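Trainee: Spelled out from the first residue to the last, the chains are:
2 protein chains.
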Amino acid sequence: MESEQLYHRGYCRNSYNSIASASSDEELLDGAGVIMDFHTTEDDNLLDGDAASPGSNYAMSNGGGAPSSSTHLLDFLEEPIPGVGTYDDFHTIDWVREKCKDRERHRKINSKKKESAWEFTKSLYDAWSGWLVVTLTGLASGALAGLIDIAADWMNDLKEGVCLSALWFNHEQCCWTSNETTFAERDKCPQWKSWAELILGQAEGPGSYIMNYFMYIYWALSFAFLAVCLVKVFAPYACGSGIPEIKTILSGFIIRGYLGKWTLMIKTITLVLAVASGLSLGKEGPLVHVACCCGNIFSYLFPKYSKNEAKKREVLSAASAAGVSVAFGAPIGGVLFSLEEVSYYFPLKTLWRSFFAALVAAFVLRSINPFGNSRLVLFYVEYHTPWYLFELIPFILLGVFGGLWGAFFIKANIAWCRRRKSTRFGRYPVLEVILVAAITAVVAFPNPYTRKNTSELIKELFTDCGPLESSQLCQYRSQMNGTKAFSDDQPAGPGVYSAMWQLCLALIFKIIMTIFTFGLKVPSGLFIPSMAIGAIAGRIVGIAMEQLAYYHHDWFLFKEWCEVGADCITPGLYAMVGAAACLGGVTRMTVSLVIIVFELTGGLEYIVPLMAAVMTSKWVGDAFGREGIYEAHIRLNGYPFLDSKEEFTHTTLAREVMRPRRNDPPLAVLTQDDLTVEELQGIINETSYNGFPVIVSKESQRLVGFALRRDITIAIENARRKQEGIVLNSRVYFTQHAPTLPADSPRPLKLRSILDMSPFTVTDHTPMEIVVDIFRKLGLRQCLVTHNGIVLGIITKKNILEHLEELKQQSPPLVTSPAPLHTEALGWSCNVGPLWELSPTSVQSPFWTQRESHEGPDIKAQLLRHGLSPVLDLNLH
Amino acid sequence: MESEQLYHRGYCRNSYNSIASASSDEELLDGAGVIMDFHTTEDDNLLDGDAASPGSNYAMSNGGGAPSSSTHLLDFLEEPIPGVGTYDDFHTIDWVREKCKDRERHRKINSKKKESAWEFTKSLYDAWSGWLVVTLTGLASGALAGLIDIAADWMNDLKEGVCLSALWFNHEQCCWTSNETTFAERDKCPQWKSWAELILGQAEGPGSYIMNYFMYIYWALSFAFLAVCLVKVFAPYACGSGIPEIKTILSGFIIRGYLGKWTLMIKTITLVLAVASGLSLGKEGPLVHVACCCGNIFSYLFPKYSKNEAKKREVLSAASAAGVSVAFGAPIGGVLFSLEEVSYYFPLKTLWRSFFAALVAAFVLRSINPFGNSRLVLFYVEYHTPWYLFELIPFILLGVFGGLWGAFFIKANIAWCRRRKSTRFGRYPVLEVILVAAITAVVAFPNPYTRKNTSELIKELFTDCGPLESSQLCQYRSQMNGTKAFSDDQPAGPGVYSAMWQLCLALIFKIIMTIFTFGLKVPSGLFIPSMAIGAIAGRIVGIAMEQLAYYHHDWFLFKEWCEVGADCITPGLYAMVGAAACLGGVTRMTVSLVIIVFELTGGLEYIVPLMAAVMTSKWVGDAFGREGIYEAHIRLNGYPFLDSKEEFTHTTLAREVMRPRRNDPPLAVLTQDDLTVEELQGIINETSYNGFPVIVSKESQRLVGFALRRDITIAIENARRKQEGIVLNSRVYFTQHAPTLPADSPRPLKLRSILDMSPFTVTDHTPMEIVVDIFRKLGLRQCLVTHNGIVLGIITKKNILEHLEELKQQSPPLVTSPAPLHTEALGWSCNVGPLWELSPTSVQSPFWTQRESHEGPDIKAQLLRHGLSPVLDLNLH
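Protein chains in written order, with UniProt numbering: chain A, 1 to 877; chain B, 1 to 877.
Chain A on its own, in the form it takes in the complex:
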């Protein structure tokens, strides 16, 4: 029961204002006005009368006892009460109710359709609004992605120099007009001036190196500082990758402003700055957040989506597909990513629309052509040689590496994030970002592989050595001798050896920096750094294999497959497989990852190596803990997210999980016709539950329905304001007809319209695995527990999450045993979790209750073994 109270405190009292004002981080208040501003968009809709009507429709179709014809529905009803059926911030939505609301709305529009041409137009608009909103989302996502790509490219090159002929050109564009055509010298054209050339007037020598070094660090720090300040002041929700929060939102949680227009603006700008600052982060994850912001904002143009939380989430699913589509140029991969990774409720209609949004976004991006290669991504590659069966061994080894890296990264990053939350260090986010940016810049500059943009590094590593390739990685000895027969395996030249060393250093650098970077208060994606680490490792393995095949071509392995001098090994393919493996290890994506990387190459042949590596990486990673980085961050922040991938493998029954527990006060219930307004208000004020079961009478505790706290409060206020004769001792009834009352009693108040007459119930003997399944599949908020028709208790989503956490602590997984979340309390954080934590009523994470230490689950299990639990004894007839 205590947990229920906490639940309420964490959710309800943390309405927007209390969050912002109660925040102990005073700096947050600087931007409060602005934050307020972007919150109001959503809040307006919450409180006006229009928004409320769908909610009351639900009550109609539910509680009205109406016959089947929809046209007669309205006759039976009182006025809809404004506000009934809406949600507070940080609350979980009721999917079933939302879907009912939408069907009711649809029926209404359909029945009116034939009345007039105007109504018909409205119904057409309604029918097409789904396509319109995904089209708009696709267009906007594609355009923003193109903008971000171009801006990030330009600002990234700004760290090295400027284009004198046209300041808005980046290095490559600047040199397009140059006459220098040798590929080695391609990047050195007279129009492009490095900072040393500009300031010192010399391009070579130690002085200019130091000058360039200094300017590189200067720009990196400036960008990083600007990014973190913008995030901090204007839109704290804009930091991080956003995918954990989007997953939570899509699973049916409300975080107002997380997908608002301020978040969109600030995230777009700071994403460019963060990428340009050279930090070890990518723009792919944040692009999904940006696309979801677009989807959310456009959904406000269409009442079908703006007023229904479930429908809005369909748009967001499509938007996240569009986001991945533009991030990787992979429309199909984007749809599967949305399906596999982020979406919770994904009907087929959404699949089709997601696909459409992803395509639209991809085509807009292609028309913008930010990379000048008519491709959607910088690192599009084509390989021309097949792979051989024995190569599966190194591919699988890369998979093992990816899995190990993923497991290590998740552990280390979560440990660091927890430390950041629990220590004073977390209080200085700006300092932290500057520090990390400074270290990154200082260490990155001397190594050419870390100095360049990570996407460009990946491109170079993916690309196979062709005759036109000037990269150090391609300095094979035969090339040095002047022969250009690039289709063969060749002995490596000194360039390759030095590149190998630099790559090894870059690998170590990337591994360390990524751990400290992900979770900073700037927009930071994880895809690109993970892929870079995998690509470096893969390229190293690939070159090693190539040299092995060259020098030991008489080994039985190579002899059979690989003719002397023939091109057996494609080091670029190894880099790609490694990238996929590392990304798979970190995110635990499977199909969508393979499809995304497949779409980068376009060859069906390379799917098998990819699959082998990704499968291995997932299995290896899962052996150390089944959570991907996003699930880990969701758990770290205590979001109420019921993962549909995780299997519930325990044998507990519903009665062991339900509230009230043994020592709790009895379940707070309402009787259907013998409470007065005053008594009802008393119950509501004394308790803090979100809802109350309504029963027949105190004697026969049979269930009638379920009433939400919010709805009761609104309905009573509304009645006292509008209905005459409602006084404190008016009788409240939930039945169809008013109870027989003494002649002098005041006018009774009928609350049937807010009563949910079809609450979900399970019996106390239902195995929890079934209950969890019901919650996941139907998207419930709560479920009542009955025994032989009598109400015993209630199970909420949060009770289930608590229970899962308890079970996890009883039987810790093989390696990771995450500490309980009690310790995290202080500091301004990137995530929304800590915002709750700062609310005065709960210094602990609001979703996890204090454990009743005097009654561990073991004791309860023992009690249960000796018959019915005390809770049951209290309640049974």
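Think of the hints as simulated: they come from the structure by calculation, not from any bench. Treat the hints with care, since some could be wrong.
The list treats identical chains as interchangeable, and a pair is accepted whether it falls inside one copy or across any two copies.
[Claimed, not checked] Calculated lysine to any residue pairs in the SDA-like style (CA-CA distance at most 25 Å, straight line):
hint : residue 1 : residue 2
1    : Lys459    : Glu605
2    : Lys777    : Asp643
3    : Lys193    : Asn447
4    : Lys349    : Leu392
5    : Lys411    : Leu435
6    : Lys645    : Trp619
7    : Lys122    : Ala544
8    : Lys777    : Tyr344
9    : Lys777    : Thr601
10   : Lys349    : Trp619
11   : Lys645    : Leu778
12   : Lys645    : Phe624
13   : Lys645    : Ala623
14   : Lys114    : Glu646
15   : Lys645    : Leu348
16   : Lys722    : Glu605
17   : Lys349    : Ser644
18   : Lys122    : Thr649
19   : Lys112    : Glu646
20   : Lys349    : Asp643
21   : Lys722    : Arg709
22   : Lys122    : Glu647
Just so it is clear, the structure is predicted and the values come from calculations on it, not from any experiment.
Position chain B relative to chain A; hints supplied.
Mentor: Using the frame of chain A, we list chain B on its own:
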């Protein structure tokens, strides 16, 4: 209530033997021995003790009142009763129960894992069996698809002639060794002899034409006769495309033998024969059936899958992905097809395994290389020119054509199939096949476009005219003048004009024949004929556009986009878009269709035309009736399939759908502790329901649990055989402890282990849309309806389907208003539906009850409007 009885009759009494023996079609009995044989595979598993244990585990975890530790579970239990928890043929499975069984099995294996090395090995085998079974399925599907491709090719060419140098070569292979290299003469090599050459000794002239004509018809009829006889005698389930039945099976229905080894063998052989016979059918749909047979057969190697119907369906989902993968060479499309079109329960784990199976199958097929082009499909194409925006107009027109064709085809084909079922014509399936084959062959031979294999026709239509193309379709005038500049639009030559006429005739022919062919008693797919129709129409439109662009290049449309002499229009692309549109119109597939066709070309550019056409085609088709051909056939055959795509848009409540209805006898219930064995047997014998709610007592009708008829019967029999002291007047109790009995009473029988203590309940006020949602998402078999904790009635899946059918008849859709299914009764049919119809107890389709004509839904609605319905009055306190 009557419907419930019919339900039972249709399901239960139709156990295998009664179906086979009661069949009024005596010819079926010829093969009964054989059919018996392929049924026993599955039946064995039903009755032995092993199969039963998972079922009782469910009862354990459910009814045992056991504490949370799984190791203590077994202490509480009686011996598991063999047979409890299995299903009869033609029954719906309970997904929730099956999933619980699987989790219990998994827990058991996991808890034993550390006991010994052997147990550890077993647990590893168990963990890997999922991957093993999909790998095997993929291998087998790929191999069978290759075999079918090669055999069908060879037999198809046999209609025209033989290869004298090697009889087992088809025409193309025969001529590979030929020295003739001109492309026009490619097909005429000395080794290949047409029948006229062989028999008459002359290759030209009217005599040889007639001889070839005769031999063509002769072979076509022979193949068709052989195919239909094999199907009829050995495996009646092998006919048709199989996709409607697979959809039904995947939704949780049991049709034993439908995916058995005899079906597999006969379907593989007859598929080759049917394709070779020249009938207007394809092998793509049946390949899905073949792959599912492989999946089902391999799943018997693994107890995890053979003993759990829900897990087996995961394998079948993967298998259907593999089937489409080899049918179209589209692994990703296959997975999405499985997800979008056939699967019901598709968790992410299945997605990943389906993808794997699809890939394995594709690679096996590629290694077999049946088409000699290293491609997975005959009609792989590559286009080299882009498309222009104005071309969207003809593409959308093709979409409209596809939608119209789809709607027309579905209406016509269903009408014809219904006629076949209801008239005497359906009694002579062999004759029908021969007749259709004869007409097809006679009409097809004179036209070169219908004479050739449909796949080859599609290939020719898809392929763009290149300099090497010798087809009549490419006889442009410039080629005739000797210029070979094929990259330009050109004026059409006389060859093109005559080809256009022939194509128009072929279009009409295909349209008519396909309607009569789909539903014949041979394996018959719909994909290829639909695609052929679309490809013909598309190619005609494409050539028309090309000529338009050539002769009117100064039109404002063409002027802007299309330079004079440049190659603007790719007629092959039009053919492809048309094929997608027609297939979309017939099947109403969306994403999967676009992806499948995308995988044929590999160019992302062409997705937009495809999407435009497929979307238009779906919308146009949906305007005439929302069902695709598979859903229409499911409804025609009365399968219990709850379509998850169809929205439930009505406002009925659960109490209007539940049984018993107003005039029915009261709900048959069992009391928890005051029945004797004799009374219980009496209730079971008097009624025919599949299950009974168990209540506290006759006075307080509160719900305790639910017991299945089959389980009760088995448990009583088992008890009387094994437990001493169980006599007819022994008391039966479902409670934890025995009731207090007089001293001289016989030993009571405890049946708690078969009691489902967590039956699903909804309140009587629950809107049916929520109930339908619960049934779909959780895969329920039945759901109890309560009012204030008291049992009122029961809703089964079939009640919902009946209700949907009733509602559909009240408000018929725009164009299609399918007649009620009462009239269909006679004849041996391709589908399993009629097998039930032939059972003596139900001459009507078993799933649809006789409507209570004295109490139409309108009357009921009126009654309801005036308060509670009579049913409720009878039952309330």
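Trainee: So, for every hint listed, does it hold in this structure?
Mentor: Results for each hint:
no.: 1; hint: Lys459 x Glu605; in the structure: both (20 Å within a copy, 23 Å between copies)
no.: 2; hint: Lys777 x Asp643; in the structure: both (11 Å within a copy, 17 Å between copies)
no.: 3; hint: Lys193 x Asn447; in the structure: within (20 Å within a copy, 71 Å between copies)
no.: 4; hint: Lys349 x Leu392; in the structure: between (39 Å within a copy, 23 Å between copies)
no.: 5; hint: Lys411 x Leu435; in the structure: within (22 Å within a copy, 71 Å between copies)
no.: 6; hint: Lys645 x Trp619; in the structure: within (15 Å within a copy, 34 Å between copies)
no.: 7; hint: Lys122 x Ala544; in the structure: neither (65 Å within a copy, 39 Å between copies)
no.: 8; hint: Lys777 x Tyr344; in the structure: both (9 Å within a copy, 13 Å between copies)
no.: 9; hint: Lys777 x Thr601; in the structure: neither (36 Å within a copy, 37 Å between copies)
no.: 10; hint: Lys349 x Trp619; in the structure: between (32 Å within a copy, 13 Å between copies)
no.: 11; hint: Lys645 x Leu778; in the structure: both (15 Å within a copy, 16 Å between copies)
no.: 12; hint: Lys645 x Phe624; in the structure: within (17 Å within a copy, 39 Å between copies)
no.: 13; hint: Lys645 x Ala623; in the structure: within (16 Å within a copy, 38 Å between copies)
no.: 14; hint: Lys114 x Glu646; in the structure: between (48 Å within a copy, 23 Å between copies)
no.: 15; hint: Lys645 x Leu348; in the structure: both (19 Å within a copy, 7 Å between copies)
no.: 16; hint: Lys722 x Glu605; in the structure: neither (71 Å within a copy, 61 Å between copies)
no.: 17; hint: Lys349 x Ser644; in the structure: both (20 Å within a copy, 11 Å between copies)
no.: 18; hint: Lys122 x Thr649; in the structure: between (49 Å within a copy, 19 Å between copies)
no.: 19; hint: Lys112 x Glu646; in the structure: between (45 Å within a copy, 22 Å between copies)
no.: 20; hint: Lys349 x Asp643; in the structure: both (22 Å within a copy, 14 Å between copies)
no.: 21; hint: Lys722 x Arg709; in the structure: within (20 Å within a copy, 56 Å between copies)
no.: 22; hint: Lys122 x Glu647; in the structure: between (44 Å within a copy, 21 Å between copies)
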